[in-house]
Structures are given as structure tokens and as C-alpha cells.
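Number of protein chains: 2
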Amino acid sequence: MPAHSPKFLFGKSIRTLREERGYSQEELAERAGLHRNYVGGIERGERNVGLENIVKLAKALSVKSRDLFESLP
Amino acid sequence: MPAHSPKFLFGKSIRTLREERGYSQEELAERAGLHRNYVGGIERGERNVGLENIVKLAKALSVKSRDLFESLP
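Protein chains in written order, with my numbering: chain A, 1 to 73; chain B, 1 to 73.
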């Protein structure tokens with residue numbers, strides 16, 4: 001998986017923001033209404049996350065959706 | 001479909017940016033490497049667009065991916 005794939009870059013953003021807030025993957029998943037394994041897959045760059053889950057993650061991390069895309073082209 | 005759904009807001013952003021550039025849906029689809037019907041569905045707020053297509057659309061519209069999320073929470 002190329003290091004600059006959208007899934008990889010997005011996953012890195014989620015992990016960074018999550019760790020900055022001191023949340024576990026489990027806690028982020030609960031806040032976002034997602035399954036813990038799904039959050040793990042996102043952070044590993046395995047998930048082609050859709051709009052609805054993007055907005056859920058942004059809300060759970062207390063940021064705007066666009067903030068999750070800072071590192072993406 | 002609630003007016004503020006992520007799919008609706010994203011679709012509106014794509015349509016606005018596309019029309020600003022004077023592209024038809026067909027031309028945007030071609031630039032983004034997507035099917036014309038898929039672009040139509042996105043603009044109607046019917047598609048839960050994933051990361052990979054988000055980046056393709058941003059590139060085709062000559063913006064950063066985050067710019068497509070200005071109107072989203």
C-alpha cells in the first residue's frame with residue numbers, strides 16, 4: 001500500500017487526533033458510534049471511509065470534517 | 001433525506017465547484033475517472049462517497065480534498 005494512499009493518510013490523521021485527545025480506539029469508536037475493529041482498520045489505512053462515517057469521526061474528535069483532510073491532496 | 005445530510009451537503013459542494021468551472025457532469029466524471037451516473041448520484045446526495053473518490057474529485061476540480069468539506073460539520 002503506497003504511503004501516500006488516501007486511506008493511509010486519513011488513517012494517520014485519525015490516529016494522531018485520537019492520541020492527542022488521549023482516547024483509546026475503543027473510546028473513539030464508542031463516541032463515533034462505530035465498531036472498534038472498524039476504527040482499527042481505518043487507522044491501519046484499510047478502510048475507504050465514506051462521508052457519513054467521516055462526519056461521525058469528526059464530531060467524535062471535536063473537529064470539522066475538513067480538518068481530517070489536512071494531510072490529503 | 002434531511003437537507004443537512006453529509007451526502008446532500010457534499011453533493012451540493014461538488015455541483016457548485018463543477019458549475020463554477022463550467023464542466024458538465026460528463027466532463028467532471030471523465031476528469032475524475034468516474035462514471036457519469038455516479039457523479040449525478042453524488043450531486044443528488046445519493047452517494048456515500050469514499051476517500052479514494054473524494055481525492056479523485058478534488059483533483060479533477062483542482063482543489064484540495066478538505067475544500068470539498070467546507071459546508072460539512
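Just so you know, the hints here were simulated from the structure itself, not pulled from any lab data. There may be inaccurate statements among the hints.
Since the list gives no way to pick one copy over another, a pair counts as held whenever it fits inside one copy or between any two copies.
The calculated SDA-like cross-link candidates involving lysine to any residue, where the alpha carbons are at most 20 Å apart (straight line), are [to be verified]:
| no. | residue 1 | residue 2 |
| --- | --- | --- |
| 1 | Lys59 | Asn48 |
| 2 | Lys56 | Glu70 |
| 3 | Lys64 | Tyr23 |
| 4 | Lys59 | His4 |
| 5 | Lys56 | His4 |
| 6 | Lys59 | Ser5 |
| 7 | Lys64 | Asn37 |
| 8 | Lys12 | Glu52 |
| 9 | Lys64 | His4 |
| 10 | Lys59 | Ser71 |
| 11 | Lys12 | Gly50 |
| 12 | Lys64 | Glu20 |
Checklist entry - Against the structure shown, which of the earlier numbered hints fail to hold, in ascending order? => result Violated hint: only 7; rest satisfied.
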